[in-house]
Amino acid sequence: MNMASTTRFCRILRQIPKLNRQYSSASDKFVDVQLNDDTGVATVTMQRPPVNGLNLELLQQLSSALDKLEGSKCNGMILTSSSPTVFSAGLDITEMYKPKPDRVKAFWSTLQDTWLKLYGSSFPTAAAINGHSPAGGCLLALSCEYRVMVGPKFTIGLNETQLGIVAPKWFQDSMRGVIAPRQAEMALTLGRMFSTAEAKEIGLVDEVVADKAQAITKAEEFLDKFSSVPHAARKLTKLSFRREPLEWLQKNKEADLNMFLNFVNQPKVQMGLELYMASLKNK
Amino acid sequence: MNMASTTRFCRILRQIPKLNRQYSSASDKFVDVQLNDDTGVATVTMQRPPVNGLNLELLQQLSSALDKLEGSKCNGMILTSSSPTVFSAGLDITEMYKPKPDRVKAFWSTLQDTWLKLYGSSFPTAAAINGHSPAGGCLLALSCEYRVMVGPKFTIGLNETQLGIVAPKWFQDSMRGVIAPRQAEMALTLGRMFSTAEAKEIGLVDEVVADKAQAITKAEEFLDKFSSVPHAARKLTKLSFRREPLEWLQKNKEADLNMFLNFVNQPKVQMGLELYMASLKNK
Amino acid sequence: MNMASTTRFCRILRQIPKLNRQYSSASDKFVDVQLNDDTGVATVTMQRPPVNGLNLELLQQLSSALDKLEGSKCNGMILTSSSPTVFSAGLDITEMYKPKPDRVKAFWSTLQDTWLKLYGSSFPTAAAINGHSPAGGCLLALSCEYRVMVGPKFTIGLNETQLGIVAPKWFQDSMRGVIAPRQAEMALTLGRMFSTAEAKEIGLVDEVVADKAQAITKAEEFLDKFSSVPHAARKLTKLSFRREPLEWLQKNKEADLNMFLNFVNQPKVQMGLELYMASLKNK
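Residue numbers (our numbering), protein chains in the order written: chain F, 1 to 283; chain H, 1 to 283; chain V, 1 to 283.
Check each hint, because a few of them may be wrong.
Pairs involving identical chains hold if they fit within one copy or between any two copies, as the list cannot separate such chains.
[To be verified] Quick list of in silico lysine-lysine cross-link-like pairs, DSS-like style, CA-CA up to 25 Å:
hint, residue 1, residue 2
1, Lys68, Lys281
2, Lys169, Lys251
3, Lys117, Lys169
4, Lys225, Lys200
5, Lys153, Lys169
6, Lys251, Lys105
7, Lys253, Lys235
8, Lys268, Lys73
9, Lys235, Lys169
10, Lys225, Lys169
11, Lys105, Lys268
12, Lys105, Lys68
13, Lys225, Lys281
14, Lys98, Lys212
These are computed hints drawn from the structure, not numbers from a lab.
Extracted from the complex, chain F is given alone in its bound form (with noise of 0.2 Å):
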């Protein structure tokens, strides 16, 4: 990341509302998880405030709750925001800011697992996108079956390149999977955010609707369509169907994570981000 691009990616970050800069403590609950006892659906809801940073707590959690559900063979799974504008910001970049060795391994392997185990649930998954929607927080919704965004003011995309980064292969993958190759390529090289009803044009989301209610009604409705498929088949359709991506990344994650190291401990990178936060606290 260059000057430029730091420049950048302050005036797009400043769009959205003020990082929490505290640190987490264990006790913070930042992934919630209702079941309906009814449905057999879980609505997971992520509550970092103020713009749901995946930082290693909320991704240990979300990791955490994906595994509970495959043990208790829900139905289906929600994955929505308690933000009233942010479904998630994408990656807490604290989490890159002079990072302790441990931490920020841990940070990026959870960051793998989580994808892992969204990416190939048994159970089928829809997102209630409530709010805007870049980076780490579209490669999110992009792991579900099903997308149903709020409109019209919000915005979805992987804009990493416009903040210097790469999006690597299993974020290039899970948008490859929704969208066609061209507009994929597009996209990607652009690190473009798109309207509601860009994403909606070029199938980036399947549903527009006009608040959280809605998104989480029409979510049910896809989820429910399941409800009479034989849960054993459907799922060995679904891991054929995202065996390519899934694969990749279980052989590779020791590369994958160690080119995540490599960018982030670059002094020009450092750099960038300890510019991005000064700019921040002058806010």
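Fit chains H and V to the given chain F structure using the hints.
This is chains H and V only, laid out in the frame that chain F set:
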């Protein structure tokens, strides 16, 4: 296949005419081939009442017809049905109930061979889908290069998942070659049957017409486009596009066969089939 | 190429102006490069009258221009033509008729290298397609990241199959990266030339405009979108998307060259070319 899916299985199949339970004799002619001497186009008609259930004999005759057409350097093939309401109901499940080891092996191997010959045929192919086309019926249609379907009341789809069955990789590949990956994943995890309007919208069929005569005409028009295209270059270009799915099955025939045999020989699958057979007798 | 396809070949090519049969001299300038100092965008113009037939010299100059642009860290490239009716008619067939072994090897190798450099360029690329664009002309356009075409009277497509030629795998891959697999299979097995309206509908071109000036403007607008995107991240993201086709050719250059040489040296291909050359002289 569990009890719940067996019930579903029965409900779905009851919507189509009762299966012909009589055993086939070697002299039955389940596949009719008519060659148009003017155009060089062969019309291959499946004619095993009432629903063109794909049993060993029908598949052997279809496989044999494809061999003969390869040998005769025909200019194209139209695949259709003699039934006014069903293109093909898919695999004949009587082949799977208390199967004799040799016959059930021959059954699946012949299905594999038929698909390899149809999907990789040197001549252009079109399906005139003049009735319902679930599961194996849809597979045959997907393996052609063009699909014209009679609408609006018939349905088409790979609905194996609904029946508790995982569509083999080559079924999935046949679908993925025709519609977008996103649509293919949803279609197969849901085991969804599409109306002709829905099928047209996602590209699962190319044209929807009012009756069989029109379907044949449109199929002929598609094949006629190739009359000015050099055969060898066309064939090699087609095979280049279809190489991966074809090579996969060629290399994995044995493993794919064993997966099928393991599935069929599960006690719960046999019990499911027994209940289904009983339900047919009581109709 | 048989007689029938040779006749077709002639009929098609007669629609475009007579080929320049004069041998090129080393001093001919077939490729013009203009760098806009304000935007950092280079306009690369093919200018080999009458139809920008891709001969060894044009390809060498194009390859060399791409090298220089890589070295100069340009912000983008627009590929266009000096002809008012033809973007490029594709490979110059005089390179294939009674070819000298060294020259024909250099010819195909240079085409390979040019494609590798264009398809994998570190800078963003756009084609301003201001005329007919068959075969190799279409390949160059497909290798760019955006296509603006002057309509409505020009046509574009990989029509090799019509000429009895199998488009090499990397030609096919270039098409598959741009349009849906189903559309690509039909386009290539038919060797179909598309009108601008048809090309726009399936995504083969991104925009259709009324004249070359507008095509250049739209191409500039596309490239300008990248002005705020960090170069290194953009480049790596692009290469990640295009890795498989690029790696395939890099690994299979020799085999791909031999396939071409075997084709060209077939007596019937040479006879077909001879008939075609004769037909040109008689025009």
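Hints, one by one, checked against the model:
1. Lys68 - Lys281: neither (38 Å within a copy, 45 Å between copies)
2. Lys169 - Lys251: both (13 Å within a copy, 21 Å between copies)
3. Lys117 - Lys169: Both: 17 Å inside a chain and 22 Å across chains, each within 25 Å.
4. Lys225 - Lys200: both (21 Å within a copy, 21 Å between copies)
5. Lys153 - Lys169: neither (29 Å within a copy, 41 Å between copies)
6. Lys251 - Lys105: Cα proximity of Lys251 and Lys105: one copy only (17 Å, versus 35 Å across).
7. Lys253 - Lys235: both (23 Å within a copy, 23 Å between copies)
8. Lys268 - Lys73: between (46 Å within a copy, 21 Å between copies)
9. Lys235 - Lys169: both (24 Å within a copy, 14 Å between copies)
10. Lys225 - Lys169: The answer is between: 23 Å across copies meets 25 Å, while 31 Å in one copy does not.
11. Lys105 - Lys268: within (20 Å within a copy, 46 Å between copies)
12. Lys105 - Lys68: Intra 24 Å, inter 41 Å, cutoff 25 Å: intra-copy only.
13. Lys225 - Lys281: Neither: 48 Å inside a copy, 31 Å across copies.
14. Lys98 - Lys212: neither (37 Å within a copy, 52 Å between copies)
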